[in-house]
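Participant: Chains as they are written, first to last, in the working numbering: chain Z, 1354 to 1559; chain C, 2 to 136.
None of these hints come from the bench; they were simulated from the model.
These numbers were taken from a predicted model, which means no experiment stands behind them.
There's no promise every hint is true.
Residues on chain C that point at chain Z, a partial pick, calculated with CB under 10 angstroms [claimed, not checked]:
# : residue
1 : 8
2 : 19
3 : 34
4 : 74
5 : 78
6 : 103
7 : 113
8 : 114
9 : 123
Don't be surprised by glycine CBs; every beta carbon is placed ideally from N, CA and C.
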Amino acid sequence: MSGPYLAWWAGGLALGGLALAQWLIDRRSLGVSGYLDRGLRALRRPDHAREEAQVLAADPETLRAALAAAVLEDVADCDGELPPRRRAVAAQVLEPSRRARPVGARTALLYVVAIIAGGAIAAAQRGAWSLELALPASTRAQFGAGGWLALLLGGALVGLGARMAGGCSSGHGLSGVARLQPASLVATATFLAAAIATTWVVGRFA
Amino acid sequence: MSRADARLMAYGIALGYVLSHMGFTDPAQVQAMFALTDLRLWVAFGLAVMIAAIGFRRDRLAAPQRPLHAGVIPGAILFGVGWALCGTCTGSTLAALGEGQLAIAVSLLGVVAGTWGYGAIHRRFFRWDPGSCGL
């Protein structure tokens, strides 16, 4: 045990087990930044999100029939070959993929709220839930009063960098590395090295 | 809400719960991780990756692929610097806020602004497919 936190093996089992369960049950790989990105769209374009939710709630067979009709129209219009993009759609209609159904913006936003709720439940279970306005002690130790700026700037870089790299510590670091995806291996090695270097520089010069 | 959506909510709650109990929501633990003075989170994360890999052993190609595009390395550098500065990553920022650490709301403000802002920058300047982050 390290303070109030789980030992390495228990934490690793829990986090890995969650990623494994999500994949085996729903064919969803664990990742947060993509859900946050999509969830924010529900706030920015509520009308769009409502329409999207209606489409996603429709009966799969109805959707399939609509998609098939659209593809058929394309084929009928075309004398020669279907363009590759259309061909890919046609293939999916003929052979439904094993991928999970896409997540709408509203559902993605709920997922974000669920993570917040999970943190609250864990803190309550430790008897540590309380509203704390002050800077985290380690942030204050590292940056002094500049800690507020470090939180804001750090957060902005986390959001920007995760979208630019195509994933964050869960999407690239956990799911991608577990799958040995080249992009995720590169991204994870890079952001871990950048974080170690940043911590060293802050400790040396701040 | 469909059953799959309900299960997604359960995964979200479980993720916030586990990140909090692991200490990923505690900037002091994360600082010790990146200062290499405490290796607990490193080995815990490594074990989690190995367990997750069990599920991908047979059909790792069935999952959505993340393209290795020109934004991966610069984006990862920005992400790593940001994580070290504020002490929480995307998921742990949310879970830390749930714990009642209201200062982390400032980090979340940054994360939301960065996520939002990147969309605009991407449309204006970049050509690669940003991928779907497994959605």
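Participant: Against each hint, give a clear statement of whether it holds in the structure.
Facilitator: Verification of the hints:
The interface hint given for residue 8 of chain C holds, since its Cβ lies 6 angstroms from the closest Cβ of chain Z, which is under the 10 angstroms cut-off. For the restraint placing residue 19 of chain C at the interface with chain Z, the shortest Cβ-Cβ distance is roughly 5 angstroms, inside the 10 angstroms limit, so the hint holds. Hint status for residue 34 of chain C: holds, given a least beta-carbon distance of 8 angstroms to chain Z, under 10 angstroms. Annotation: residue 74 of chain C was flagged as interfacial toward chain Z, and the flag holds, the nearest CB pair being 5 angstroms apart, inside 10 angstroms.
Hint status for residue 78 of chain C relative to chain Z: holds, with the closest Cβ pair at about 5 angstroms, below 10 angstroms. For the restraint placing residue 103 of chain C at the interface with chain Z, the shortest Cβ-Cβ distance is roughly 5 angstroms, inside the 10 angstroms limit, so the hint holds. Interface restraint check for residue 113 of chain C: the shortest CB-CB distance to chain Z comes to about 6 angstroms, inside 10 angstroms, so the restraint holds. Restraint check, residue 114 of chain C versus chain Z: the minimum CB separation of about 5 angstroms is within 10 angstroms; hint holds.
Hint status for residue 123 of chain C relative to chain Z: holds, with the closest Cβ pair at about 7 angstroms, below 10 angstroms.
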